[in-house]
Amino acid sequence: MIRCVTVLAIGLGTPAAAAGDRQSGYEIMGPELRAMQDDEAANPGMLWVTEGAALWVAPEGAANRSCASCHGDAAQSMAGVAARYPAWNEAGQGPIDLTGRIGLCRTRHQGAAALARDSRALVALAAFVTRQSDGLPIAPDPDPRLAATREKGKALFETRMGQLNLACADCHDDAAGGQLAAATIPQGHPTGYPQYRLQWEGMGGLHRRFENCMSGVRAEPFGAGSPEYIALEAFLMSRAAGLPVEAPAVRP
Amino acid sequence: MVAMVNIPETVTAGTVVEVKILISHPMETGFRTGPDGTLVPRNIIPEFRCLYGGEEVFRAEIFPAVAANPFLSFFLRAEQTAEVELLWTDEAGQEHSEARLLTVQ
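Protein chains in written order, with this note's numbering: chain A, 1 to 252; chain B, 1 to 105.
One or more hints might be untrue.
Stated by the list, open to error - Computed beta-carbon distance windows for the label pairs:
#1 P137/A x A13/B: 30 to 36 Å
#2 G242/A x T103/B: 42 to 48 Å
#3 P252/A x V17/B: 26 to 32 Å
Derived by calculation from the structure, the hints in this document are not laboratory data.
We put the beta carbon where it would ideally sit given N, CA and C, even for glycine.
Please work from the sequences and hints to get the whole structure.
Below, the structure written as structure tokens:
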């Protein structure tokens, strides 16, 4: 009986211990996938980064300006930007994520037609901008106006939802390091978005991942770009503060 | 963006060099249905070739099981300074080629 209890305690103890020690999903991938992410020549996310680099200098819209016309060399101007977002949007008086910011820049300053959130061009631009923060520690924006957003995100993270009645925290805090069928449950740190997912055979942002998780627990997804997802993203970035940005990340 | 090619630029004679290429392509299998319920026509890259100094040194047949954005890597022995040409055509009729000069010292 005592032996039984011990086994149970170890069984429950392992994931909890892992949750105390933060790790990127990279750490739990197999050696082949890690090699794919590490080798620039083999990382399919680099296709989007390269596309984004071309879009960065391409003039667009009524203003006939490119991103580079205002921001110059992205290696200088965009270093650390992705590590800091979501940020406060003065014009909209609310929090905004990096993809939303790029979209706003496009419509407001370039006078160009809005791009769909999941369009290849917008994902490529976000991937290129994020690439400039590769290896930098996640450093959430210290603006105090974001505190309420993070609180809301934390509450959402801990709220059970859907027909399976699961909260994000049930898997990514309490059961992280455990198994969901053949997959190891990651801690859910958004270290490498937009990322190349083999499952998607393409690149996608964090909000697309949220949609997957939410439909997985049979909840009604909030929708990419929704205030709920931005709040969740703001909380997750503060939860992952200090972990290095991986751009572009590859995940199964 | 069509492809990312990775070949060393300058090597000594007799070196075995690795050629790596990542191609941006949907590799549509022909088994999937689109939003309107009809089958999306198959569009894969059925054949890939590599010429070194005009001579074929590598050829691959590719099948629908290969995922989108295929990555190919193979080796060749550098014997003379010549162009390495990578050629492929997809089933939608799009022809592509990439060429890199391999300098042998």
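May I ask you to test the hint 26 to 32 Å on the CB atoms belonging to P252/A and V17/B?
holds, 31 Å
Note whether the CB distance of G242/A and T103/B lies within 42 to 48 Å or breaks it.
holds, 45 Å
Holds or violated: the 30 to 36 Å window for the beta-carbon distance between P137/A and A13/B?
Roughly 46 Å apart at Cβ, these two residues miss the hinted range, so it is violated.
Hint compliance for this structure: hint 1 is the single one not met.
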